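Protein chains in written order, with our numbering: chain A, 5 to 224; chain B, 5 to 224.
Any given hint could turn out to be false.
Which copy? The list can't say, so a pair holds if one copy fits it or any two copies do.
[As the list claims (entries may be wrong)] Result set (SDA-like, lysine to any residue): computed pairs, CA atoms no more than 20 Å apart in a straight line: (1) K35 with P203; (2) K61 with V89; (3) K35 with P92; (4) K61 with K181.
Keep in mind the hints are simulated off the structure, nothing from the lab. Owing to the predicted nature of the structure, the values given are computational and were not obtained by experimental measurement.
Protein chains: 2
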Amino acid sequence: MKNSLTAPPIVTVDAVLLTIAGNELCVALHKREAAPFAGHWALPGGFIHTQEDDSAKAAAARVLRDKVDVQSPYLEEFGSYSGPVRDPRGWSLTLVYYALVPVVSARITLFPVNRLPNLPFDHGQIVSAVVERVRSKASYSSLPVHLCPEEFTIAQLHAAYELVLGERINMANFRRKLADLDLLEPVSGLLRSAGRSRPSQVYVVRKKYRDRLSVRDRGL
Amino acid sequence: MKNSLTAPPIVTVDAVLLTIAGNELCVALHKREAAPFAGHWALPGGFIHTQEDDSAKAAAARVLRDKVDVQSPYLEEFGSYSGPVRDPRGWSLTLVYYALVPVVSARITLFPVNRLPNLPFDHGQIVSAVVERVRSKASYSSLPVHLCPEEFTIAQLHAAYELVLGERINMANFRRKLADLDLLEPVSGLLRSAGRSRPSQVYVVRKKYRDRLSVRDRGL
């Protein structure tokens, strides 16, 4: 194998876990225990364990489970970052996965995506690129629904879309686009009231869209 | 490093090079020289050479240059395939890149994507998935233009879209969508005649879209 002439690359997976907290889009960071950059906040990540992981995606799911105690139903490959200088240990390749979740575990520390500390490796660049992708995808798909709890009102979902897109969305338009996505199922007889407003119908995501996106051919 | 407890994965890149030949969408295959599957047709691929490659994408470009003598201006990461059983040598991860090119080199062997031989590893599944992605992307972007030579007529581009999408496209609609994409620049004074028809204007792709896509918000 030609490979033996040259050092093999270091291969890792990293996970960008997005959620909403304090009315902001946030990313989960993890304090690194080992060198390089021990003690620094960074994306939860790690090596692929070839003895236990069935795929790179399974490795990313394991890292999320072990490091931030989160199981995400929506975990998608974002892409790779690679090269000779991104890791002080040598030529490295990381496969980046991203996840959107509603509930955060006690073992998670969240940072608003707009006010991140300096992150080691190229993690700052990775978070920015993922947020941009999520924003662009959100405009024509059901993606932000994964930020909502299992049962939610239209107002909650509307707020999740506004936070991801970073702009106001007209509620009448929003309801129309939602109808196109064919995403929601009312929970029979379940209403919820927020403050003094009229009680609102509670919804869940149709089963077929719980682990994949519903996509429309036009942006919101 | 935890990594030392477990064998590291085998890491490769593979390239799906698509082009048009004989009025069909074709993929370039390469006869494997080394085990496993020596003598079998497979996707051009190989190990990352950490001493010379600046990134995984650079490794894919090198493989295309070395194995099928093609330099592609449009080379995009498709995604990873990984796991314990896809390669008889052990747990492996391959990063798949795809490219669309107009001209084929003499060192290339093309197979229509609809009539492939049995391919080793998961290469058959990879080609199908890439073709599906290219099809879906073509419907709302300039992607098929990379199958055309540097200078082309609207009829040639129309034919490329029809071949990728696998269906007839109404020419009047096609011209309207093309206008939306803002993709083309007429070559001043250059007309081309095909057979007995009236000579047609020749176009090139606007400079800004030669290495990236133009995208519209609705499918063709």
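Taking the hints in turn, this is what the structure says about them:
no.: 1; hint: K35 with P203; result: neither (42 Å within a copy, 67 Å between copies)
no.: 2; hint: K61 with V89; result: between (24 Å within a copy, 15 Å between copies)
no.: 3; hint: K35 with P92; result: within (18 Å within a copy, 37 Å between copies)
no.: 4; hint: K61 with K181; result: neither (31 Å within a copy, 37 Å between copies)
In this structure, the earlier hints numbered 1 and 4 are contradicted, and the remaining ones agree with it.
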